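Numbering-wise, the sequence shown is residues 1 to 362 according to the numbering used here.
Accuracy of the hints is not assured; some may be wrong.
[Unchecked claim] Label pairs and their calculated CB-CB ranges:
#1 Leu144 <-> Lys191: 20 to 28 Å
#2 Ser244 <-> Ile125: 26 to 34 Å
#3 Tyr338 <-> Ile275: 53 to 61 Å
#4 Lys74 <-> Glu246: 46 to 54 Å
The set of hints was computed from the structure by calculation and includes no laboratory data.
Predicted model only: the values in this text are computed from it and were never measured.
A virtual CB, placed ideally from N, CA and C, is assigned to each residue, including glycine.
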Amino acid sequence: MKSFFKIGISVFTFLLAATNVQCVFAENRPAEKEGELNIREFIMEHLSDSYEWHVTNFGEHVVSVPLPVIVKGKDSGWQIFLSSAFYHGETSYRGFYIAKDGEYKGKIVEKDAGGKEVRPFDISITKTVFALILSSVLLICIILFVARWYKNSNQENAYKTPKGFVAFMELFIMNINDDVIKPCIGKDYKKYAPYLLTVFFFVFLNNIMGLIPVFPFGANVTGNIAVTSVLALCTFLAVNLFGSKEYWREIFWPDVPVWLKAPVPIMPVLEFVGIFTKPFALMIRLFANILAGHSITLGLTCLIFVTVKLGAVANTSMTITSVILSVFILLVEVLVIYIQAYVFTLLSAVFIGLSRVESPGR
């Protein structure tokens with residue numbers, strides 16, 4: 001059974017690598033006619049947000065899924081339409097268009113009375129937002145399915161041992177709850193367990209979905225700094241809104257020699273700065289690791305197109321090398337998607353546990 005599982009993982013990873021190659025090839029057919037592939041621009045465009053979801057190309061025909069555009073212009077008011085009205089960013093619609101360069105490159109803009117590009121109030125459903133909604137709905141369905149199974153099993157007198165998917169979810173839940181949340185927070189762990197478990201599964205699920213380069217997956221959600229900053233902000237609020245009196249006393253009057261806290265408050269200032277550096281580290285750690293993994297995979301895949309002009313032999317050898325390295329990086333990313341979710345949850349639990357510290361006398 002284990003052999004079949006390993007074979008399945010290997011086949012799945014090779015398919016991911018092959019799909020990555022196909023996606024890059026499809027997306028760059030038109031660019032090959034214009035000139036050499038700009039790897040930096042391609043990687044950045046692939047990882048950035050967009051108003052449509054590119055699927056593939058058939059010759060010169062672009063297959064993409066249009067997404068709702070919701071903007072409020074300065075003079076035109078609220079406008080709601082599909083991003084297909086922009087025809088892949090080549091045309092304007094109702095005075096709005098996607099900027100091709102400048103400060104607002106890739107964003108919807110309009111021109112004011114002076115002819116200057118300005119940003120309207122934009123709450124459009126972009127690729128990242130759509131992926132967030134999809135992953136949130138999927139996560140809710142998964143959790144409700146597991147909860148329903150336990151609810152139904154508890155109605156009977158005999159205990160049922162979970163099997164299949166429910167057993168798989170129980171393994172994750174008990175691992176995070178018993179080995180991470182409970183030891184790090186202590187006696188109040190049940191108060192924070194729902195939030196920390198939600199964070200773990202949210203990050204883990206979005207990491208998995210971002211690794212599959214096939215619609216409706218493949219969006220760079222956890223590699224988006226806006227998403228990781230909101231997650232870090234939630235932990236920041238959980239730490240500081242519910243921190244104990246002892247926690248705040250250790251920040252503004254820590255147990256150090258007096259000359260380190262008065263008359264010049266060296267340690268209190270450092271401790272106060274630490275309040276903000278902790279969530280900042282959470283935000284950057286998750287964002288940088290996921291973004292780097294996707295960038296390396298795309299960069300290795302682009303080796304195929306960079307070596308086209310070197311001849312058939314060189315290109316063939318580099319293609320084989322590119323696929324092998326892409327498979328290796330994808331195997332690493334399969335491990336990273338769990339590690340990053342685990343580390344984010346672990347550090348959040350540690351920070352919350354530190355904020356629940358009590359005086360020795362209690």
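Legend entry - Structure versus earlier hints, numbers of those that do not hold, lowest first: Of the numbered hints, 2 and 3 do not hold.
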